[in-house]
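Student: Okay, here's what each chain looks like letter by letter:
Protein chains: 2
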Amino acid sequence: MENLTPIHTVGEFELKSRLLRAIETHRSSTILAAGDDAALIQPPVGQQLLLTTDQMVEGVHFDLTYFPLKHLGYKLVTHGISDLAGMNATPSHITVNFALSSKFTLEALDELVAGILYACDDYQVDWVGGDIAPSHSGLILNISAVGFAHQAEIITRKGAQKTDLLCITGDLGGAYAGLSILEREKRIFKEAPSVQPELDGFEYILQKQLRPKARTDFHTILKEWGITPSSMIDVSDSLASEIHQICKSNNVGARVYEERLPMEQIVIDTILDLNLEPTTIALNGGEDYELLFTVPLDQYDHIKNNPHLTIIGHITDAEDGVILESRNGNEHPIQALGWETNEHS
Amino acid sequence: MENLTPIHTVGEFELKSRLLRAIETHRSSTILAAGDDAALIQPPVGQQLLLTTDQMVEGVHFDLTYFPLKHLGYKLVTHGISDLAGMNATPSHITVNFALSSKFTLEALDELVAGILYACDDYQVDWVGGDIAPSHSGLILNISAVGFAHQAEIITRKGAQKTDLLCITGDLGGAYAGLSILEREKRIFKEAPSVQPELDGFEYILQKQLRPKARTDFHTILKEWGITPSSMIDVSDSLASEIHQICKSNNVGARVYEERLPMEQIVIDTILDLNLEPTTIALNGGEDYELLFTVPLDQYDHIKNNPHLTIIGHITDAEDGVILESRNGNEHPIQALGWETNEHS
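So the protein sequences, as listed, match chains A and B.
Residues 1 to 345, numbered by our numbering, are exactly what the first sequence covers, in order.
Residues 1001 to 1345, numbered by our numbering, are exactly what the second sequence covers, in order.
The following block holds chain A by itself, in its conformation from the complex:
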């Protein structure tokens, strides 16, 4: 049995200095990282500042019984910076706040911090501030992220027009499929703790759930392929709700073709095994961290047969609604669901 140190045996300042000690910076724009009242950052000349914030709550966004803390730290950063990728900006700096129950151990905190630092290294972002406070319940993580971009490069949710093509990066449903496998193994473990978890073959979907990547690489892909989306949004909630956001922001409708929704075979197989509908999960599973965007028709040559994206439909008039056309040609309105109905806990 390991010798673990509950954080309540360590003081606030000791805890904070333990975090500060770990932080090294990657960016020349970082003048002063954590350690003063505020971080100091030199904005690149002529660029705009992008600022976003998000949170992850134990029992709502993650379950510590199967979520390794190092992965959680990585996923927190992905979650925080994905919004900036969704505006075609490069994230450069983050702050992270921890609310921890007193039973949380220093060793667990170190794992979490290691995951955050690993992600910072991967994404080349600097962790420049944060706070630790006691929590009377579980772990609550807050992240804010900053990035800079030239105004001409920034892509907002606004700009989609009728006949624009609706496109998505990567594939869908993997994070939900991974979560389902983890939940299944948790139930089995509760009933029969001696049974070894069966996770072989599920590596792809487990990674999608436990260590998803933000699409900060897509900025370069757009440049290389000469694509200028008319609008863009990151798919952190669910594809369905993000399509609704695009339509609402632009007062347009959308038609999505079921047969075009990109899904990996392992994702489809897993979802069918669970007696669920793959299309429902592609639309509402959530946490895919891909980018949804619209492209004017005259750029069709740049996006057809492009391995980095899939055309899943097109923009229509607002009166036509947000519609899924199924494989057999039927039309179904697409619903946007929030956390009140797809809470992960």
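Simulated from the structure, these hints should not be mistaken for laboratory data.
Please read these numbers as outputs of a predicted model, since none were measured by experiment.
Every residue gets a Cβ at the ideal spot worked out from N, C-alpha and C, and that includes glycine.
Incorrect hints may have been included.
As the list claims (entries may be wrong) - Simulated crosslink set (DSS-like; lysine-lysine; CA at most 25 Å straight-line): (1) B:K1016 with A:K158; (2) A:K16 with B:K1248; (3) A:K16 with A:K70.
Stated by the list, open to error - Rough simulated footprint, nothing fancy, chain B against chain A, three-plus residues with beta-carbon under 8 Å: (4) 75 to 89; (5) 132 to 141.
Take the given structure of chain A and dock chain B to it, following the hints.
Tutor: Structure of chain B alone, referenced to chain A:
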């Protein structure tokens, strides 16, 4: 009995749009406020970006049995931007994240939001983003704040030298005294719910606890009086711990004179009534949101008899430690205490 609406009866998107609806902006630098993946801000030419983050946890930083939600919203903003005042920068933008239990009502959320907006108006900062998530315990609020300043104006914790004068704005211990009165009335109410709370005469200290102001005004005072501090820090934790931070950052010591600690008579009277030591509370009470700073001796003419500040001591060699000289001439080491020992709950 009022008709209240628990938030679990409202969807995530309805909740978020309720927040977004309320937000108006004050600053021309705000290109895009809440409503997209990230906020867009135009950094003033030639200035540096300051970024800070903080959190307030129910049962740790506030007790909703006596803390009006509108005041809590105001105090959250004060708490978030005080760090920027502590670097002599003007806060310009904030983001706020809410984690709410499902029993929280829409009406309560509206009060909280009203307090945040009132503070935004007061401080002329723009609220440009945020998130709402369910919480399995109480209310947890996270704030990030952004400001801009010319490099030459920014004052960090680093720079204090031996013989510099140690100064503080405003007065000390008021927030703790106010908290003590509220805690006393809570106990009385529990024992005898029919007894009316006695809060007359305590307006000053209640305001210090419930609706403290960040010293964003001090930037202008420094300019007007021609004072250029060598180091500065905001006193959100406690005077004792902030003095230690200054000393640690500069590898110096400090000598503080008990008789110089600025305290209002109502604060002293309240603390004595509670059988506590006023000096202990001035040093360790916390939440005063004043600014602690050091000034080179050659600026003495600018700070003597200055109504906006009090000289409480001076910087010494590191070997001399961090010392309180009491009224009777005795020396006591000053201890820095974190939340492990002065938790408010």
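Student: Each of the hints needs a verdict: does it hold here or not?
Tutor: Hints, verified against the model:
| no. | hint | result |
| --- | --- | --- |
| 1 | B:K1016 with A:K158 | 18 Å, holds |
| 2 | A:K16 with B:K1248 | 14 Å, holds |
| 3 | A:K16 with A:K70 | 19 Å, holds |
| 4 | 75 to 89 | holds (count 5) |
| 5 | 132 to 141 | holds (count 7) |
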